[in-house]
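Asker: These are the residues of each chain, in order.
Number of protein chains: 2
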Amino acid sequence: MNNGRTASSPVGLHRVLEPSGVLPQAALRLDASPRLWPDEVRIAIERLNLDAASFRQLSLAHGGDGAAVRTSVLGMIRTSGKMHNPVTGSGGMLVGTVEEVGPESTLGLSVGERVATLVSLTLTPLVVTDGLIGWDGRAEQVPATGHAILFGRSIAARLPDDLPTSLALAVLDVCGAPALTARVVRNRVDGGAVPSVAVIGAAGKSGSLALSAARRAGAGRLVGVVLIESEAAALRAADLADEIVLADARDPVALAQAIGKPVDVTVVCVDVPGCEGGAILSTAAGGTVVFFSMATSFTAAALGAEGLAADVTMLVGNGFVPGHADLALQLIREDAGVRRLFTQRLGLP
Amino acid sequence: MNNGRTASSPVGLHRVLEPSGVLPQAALRLDASPRLWPDEVRIAIERLNLDAASFRQLSLAHGGDGAAVRTSVLGMIRTSGKMHNPVTGSGGMLVGTVEEVGPESTLGLSVGERVATLVSLTLTPLVVTDGLIGWDGRAEQVPATGHAILFGRSIAARLPDDLPTSLALAVLDVCGAPALTARVVRNRVDGGAVPSVAVIGAAGKSGSLALSAARRAGAGRLVGVVLIESEAAALRAADLADEIVLADARDPVALAQAIGKPVDVTVVCVDVPGCEGGAILSTAAGGTVVFFSMATSFTAAALGAEGLAADVTMLVGNGFVPGHADLALQLIREDAGVRRLFTQRLGLP
Numbered sequence: 001m002n003n004g005r006t007a008s009s010p011v012g013l014h015r016v017l018e019p020s021g022v023l024p025q026a027a028l029r030l031d032a033s034p035r036l037w038p039d040e041v042r043i044a045i046e047r048l049n050l051d052a053a054s055f056r057q058l059s060l061a062h063g064g065d066g067a068a069v070r071t072s073v074l075g076m077i078r079t080s081g082k083m084h085n086p087v088t089g090s091g092g093m094l095v096g097t098v099e100e101v102g103p104e105s106t107l108g109l110s111v112g113e114r115v116a117t118l119v120s121l122t123l124t125p126l127v128v129t130d131g132l133i134g135w136d137g138r139a140e141q142v143p144a145t146g147h148a149i150l151f152g153r154s155i156a157a158r159l160p161d162d163l164p165t166s167l168a169l170a171v172l173d174v175c176g177a178p179a180l181t182a183r184v185v186r187n188r189v190d191g192g193a194v195p196s197v198a199v200i201g202a203a204g205k206s207g208s209l210a211l212s213a214a215r216r217a218g219a220g221r222l223v224g225v226v227l228i229e230s231e232a233a234a235l236r237a238a239d240l241a242d243e244i245v246l247a248d249a250r251d252p253v254a255l256a257q258a259i260g261k262p263v264d265v266t267v268v269c270v271d272v273p274g275c276e277g278g279a280i281l282s283t284a285a286g287g288t289v290v291f292f293s294m295a296t297s298f299t300a301a302a303l304g305a306e307g308l309a310a311d312v313t314m315l316v317g318n319g320f321v322p323g324h325a326d327l328a329l330q331l332i333r334e335d336a337g338v339r340r341l342f343t344q345r346l347g348l349p
Numbered sequence: 001m002n003n004g005r006t007a008s009s010p011v012g013l014h015r016v017l018e019p020s021g022v023l024p025q026a027a028l029r030l031d032a033s034p035r036l037w038p039d040e041v042r043i044a045i046e047r048l049n050l051d052a053a054s055f056r057q058l059s060l061a062h063g064g065d066g067a068a069v070r071t072s073v074l075g076m077i078r079t080s081g082k083m084h085n086p087v088t089g090s091g092g093m094l095v096g097t098v099e100e101v102g103p104e105s106t107l108g109l110s111v112g113e114r115v116a117t118l119v120s121l122t123l124t125p126l127v128v129t130d131g132l133i134g135w136d137g138r139a140e141q142v143p144a145t146g147h148a149i150l151f152g153r154s155i156a157a158r159l160p161d162d163l164p165t166s167l168a169l170a171v172l173d174v175c176g177a178p179a180l181t182a183r184v185v186r187n188r189v190d191g192g193a194v195p196s197v198a199v200i201g202a203a204g205k206s207g208s209l210a211l212s213a214a215r216r217a218g219a220g221r222l223v224g225v226v227l228i229e230s231e232a233a234a235l236r237a238a239d240l241a242d243e244i245v246l247a248d249a250r251d252p253v254a255l256a257q258a259i260g261k262p263v264d265v266t267v268v269c270v271d272v273p274g275c276e277g278g279a280i281l282s283t284a285a286g287g288t289v290v291f292f293s294m295a296t297s298f299t300a301a302a303l304g305a306e307g308l309a310a311d312v313t314m315l316v317g318n319g320f321v322p323g324h325a326d327l328a329l330q331l332i333r334e335d336a337g338v339r340r341l342f343t344q345r346l347g348l349p
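Line order of the protein sequences matches chains S and D.
End of the first sequence sits at 349 in this note's numbering; the numbers just go up one at a time, nothing left out.
End of the second sequence sits at 349 in this note's numbering; the numbers just go up one at a time, nothing left out.
Hint data in this document are derived by calculation from the structure and do not stem from the laboratory.
One or more of the hints may lead you astray.
Identical copies go unnamed one by one, so any copy, or any two together, can satisfy a pair.
Stated by the list, open to error - Pairs of lysine to any residue, SDA-like flavour, derived with a Cα cap of 20 angstroms:
1. Lys261 x Arg221
2. Lys261 x Arg153
3. Lys261 x Leu246
4. Lys261 x Ser8
5. Lys261 x Ser9
6. Lys261 x Ile244
7. Lys261 x Ala247
8. Lys261 x Asp248
9. Lys261 x Gly21
10. Lys261 x Glu243
11. Lys261 x Pro10
12. Lys261 x Ala7
13. Lys261 x Ala284
14. Lys261 x Asp311
With the rest of the complex left out, here is chain S (with noise of 0.2 angstroms):
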């Protein structure tokens, strides 16, 4: 290896050409080669998914010319060593098939499965070597052939058979959000209390699959909050919820109206700025606000809980916890209700 390491790092410091020292996501180059380290794994890939706020911006930097977006994403990856747009800070994730194993990878993949990676293609060796052929540089779906590196830790799930892979990875994309809610629900449970749960944004992808995981955790009251009569209707016949109600979750007052009696814990995943307050007035003093809307002000959380006096444990949405993907997997096949939103907004049959 080109770097002068003897070891390999878990999270991938031996990968990281320029500059040293930092983290892979920090790094401006990878060293992408192929040849494995110890605890490394290597995907064949064959997808690309470019994150939608990097598939965005390039689009509109080009003019929506597919073929410039495309140089661009291969320029990229060219000199970084893996998909890391510099503007949005943002990657994406891909789909493969494990091509080697090293010796002392703990990731439990085996050569010949097809997984979907969980970690940031922006922290990801990665090498194309098609020319993105078959992708028009129109969607963010990107055909793709070459290989990907996963580190001693990291994280890749094992695309089921029985799921299209869509719908998969619409599950995959946000399997940190059930896997929280569950935990933040089951150790209340744990001691001895029945939890109420209110999820703000209860009908999209992450609030669904957390009403789903809070109910099987064992909550009692479940309150959906959605924005739209529509939404409702929908969340309604998945029957997710005891109560379905109808707020603008950036004012406060309505919000924690339409809620009532304040829950034990309310779970934020709607995904427009200035949703802290309400939250925050929504829950009973001694509850928890898990925010997973990636649109939260750190600051607005914390000085707006302040400012109310509240007495309420925030928790930022950690994208990881151990089992999650197994989870939401689970719960897209158990939970009819769940699987109907989801294949109604990807428009499968």
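Chain D: place on chain S using the hints.
Answerer: What follows is chain D alone, placed relative to chain S:
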């Protein structure tokens, strides 16, 4: 009362004049009239402590012209019924004496007590009656006459007789950090563990109090991380940590190497951006990161943990924990090391 309500709201909705329905912090104008609703408390003000960022902005905007700064602050208070700098979004706190306590107030305050408010001035109804004549507009401390209103659900701390006011205020300003740190450590101790704890920014106000609180709550190995040798020397003299290490918290690899064996609880008290990855990398699986820095990026924390496949609980540092003021004042009284750090910083004898 002039907005047609017949009952007060514990979070002050009944004092919001414009726009209707928002929380007092988001309001453009509050009713600051002195007559109390049954659950309120009126404070005769003695001094406003403007938020540092707010004062700096005002001073710059007026080219250091103190009289113009004073006119500007007076105008804001008159127009909005509170001290809310619209540019910085911040307010400050105030010191005064309890003048009247509504019969249904649950804050536990008595007439004549000297208190500091621990909720932001951006949500506190405020009237100034002396034209701020005692203030030259050149410092954050503003002598003032007038009154302020505390809502049913609010926070004020009695100023202790045995501590200089400036010391008590400095402690109360950061009192959420030791309280939440103590709670996180105690929860683990109650579960049978002796958690190791690292505090990043350990020589500062919140950091030193967090270290002291962690030790008293039953922490095991206690690591203080500072940036420069003079801080290390001060922290060493204060005897607050088992290990004192130098590291730039923005460098994840350097931080994790300096801390060594990952800790169970990491407390981030350093007010610079970019410390999320290092804090996550320094925390053991199953551990907790408490982010107290207002420079924390929500997305950097969420995506950083996912990218590292780090099963860590990440808490938004809520400035309110019941009993936080009493705990912090107790620490400053009883822990000579913390006290010395504070008095040196404040230039007290």
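Asker: If you check each hint against the structure, which ones fail?
Answerer: none
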